Structures are given as C-alpha cells and as structure tokens.
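The hints should help you fit chain B onto chain A, whose structure is shown.
Top to bottom, those sequences are chains A and B. Under this note's numbering, think of the first position of the first sequence as 33, with each following residue one higher. Under this note's numbering, think of the first position of the second sequence as 6, with each following residue one higher.
Please keep in mind that the hints were generated in silico from the structure rather than gathered at the bench. Incorrect hints may appear among the rest.
As the list claims (entries may be wrong) - DMTMM-like, lysine to aspartate or glutamate: derived pairs with alpha carbons at most 25 angstroms apart:
1) K57(B) to E62(A)
2) K73(B) to E134(A)
3) K65(B) to E134(A)
4) K61(B) to E134(A)
5) K41(A) to E47(B)
6) K89(A) to E20(B)
7) K102(A) to D103(B)
8) K103(A) to E68(B)
9) K57(B) to E84(A)
Please read all numbers here as calculations on a predicted model, not as lab measurements.
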Amino acid sequence: NAGVTQTPKFRVLKTGQSMTLLCAQDMNHEYMYWYRQDPGMGLRLIHYSVGEGTTAKGEVPDGYNVSRLKKQNFLLGLESAAPSQTSVYFCASRWAFQANTEAFFGQGTRLTVV
Amino acid sequence: GNSVTQMEGPVTLSEEAFLTINCTYTATGYPSLFWYVQYPGEGLQLLLKATKADDKGSNKGFEATYRKETTSFHLEKGSVQVSDSAVYFCALTYNNNDMRFGAGTRLTVKP
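The shape of chain A in the complex, shown without the other chains:
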C-alpha cells in the first residue's frame, strides 16, 4: 500500500524556470492538499482540492497553480520559480465527509531555487 507518493523528492531550479510536482494517492481520498514547510513557520496551505476537477486557494497561493484531473493525482505547478519558493513541499490527502479523519502525507519534495 503506497499511500501518498510525491515526485520528485529533490529538485534544484534556476530562477524563472518552471516545474510540476506530482502527488499520487491510492486510498481513494476525496480531499487533497499542498503545503509548504519553512523553518519557524510550520505548514502553510498553498492550494487544496475537495474532489476531481475542483481546486481552491489556500493561505499562500501566489506563484503556484494546481490541477486535479484525476481523483488520485494532484499536481502543483510553478510557472516561473523564484528564490522565495525554496521550501519543502508536502502533499496530503484525507477521506471526505467527516472532519475527524486524519490526513496522510507524502515524504516531501525539497525544492531549491537559485
């Protein structure tokens, strides 16, 4: 049982380059999330999705786009990377319809923008 899988695990980008982070879950969860984790700031929500074909903005959406074309996949795109986007990115998924279900996290993607 793979759970939540993120690819890639590490990436170095030059300023202005673009890339897509992939999150895949095999638990048939409705809800999926993208967070960034920065020192001293905990987890900040970038975008989330409550189902296939839907996306919504979180706390820090600027500079990112997302797509949820298939229920099991949630893609995070950076169109023009900036050094401020250097961070560790985590994807999470949850079962819908109940607020007391826990989230399952991927192992993270460490992104460095130079």
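Just chain B now, kept in the frame of chain A:
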C-alpha cells in the same frame, strides 16, 4: 478564522523526563483535534486525535485531552525516549475540508 497556536521550541529534554507541549486553538464551532509527528526526512504522520470535548487521545505513551473550556489540546508523555526526537504539530479540522496546523515544536531528547 480557525487557527492553532502551539508553544515555540525547540524543546530539549533528558531521557525519561516529562514532556508537555502546549496547544491552543481558535474555532467557531467544534473542531476535531490532532497531533502529528514528523521524524527527520519524513512526512507527517498521525500520533493521536480527539473528536469531541473531554475525549482523550493516546498512542505510544503520548496523551492529549480535548479541553473545550480552555480551547486546548496539550500533548504529554510521562517518560520520553531518544527515539521521540522529532517535530510535533498540533492541528485541527473543521467542516471537513478546513485543516489547520500549528507552527510545530522540535523536540530533542538526549541520552
């Protein structure tokens, strides 16, 4: 809006010491409360949870009680081990999709 505030770290303890990590929340209704743990190089994983007032969540010797009157969900462990060294996150969920995390508290346990 909904939010979670947890004590700032880092916290350094000797093995077998007592641990408390404070967590308070702000929510308009009745959220579910969670503690997650992040070991080095890994994603977060659920440690324990409580879904209504006065519930106590427990796992691996850790406990936390949902206190509605003080809007708190403090994490405790009576005797920490070196293997408990990690970052601990308090979190809440409300109205299904709203999920908020505290800033995280780094715990280091020394032998």
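Here is how each hint holds up against the structure:
no.	hint	in the structure
1	K57(B) to E62(A)	holds (23 angstroms)
2	K73(B) to E134(A)	holds (20 angstroms)
3	K65(B) to E134(A)	holds (17 angstroms)
4	K61(B) to E134(A)	holds (16 angstroms)
5	K41(A) to E47(B)	holds (11 angstroms)
6	K89(A) to E20(B)	violated (43 angstroms)
7	K102(A) to D103(B)	holds (21 angstroms)
8	K103(A) to E68(B)	violated (35 angstroms)
9	K57(B) to E84(A)	violated (30 angstroms)
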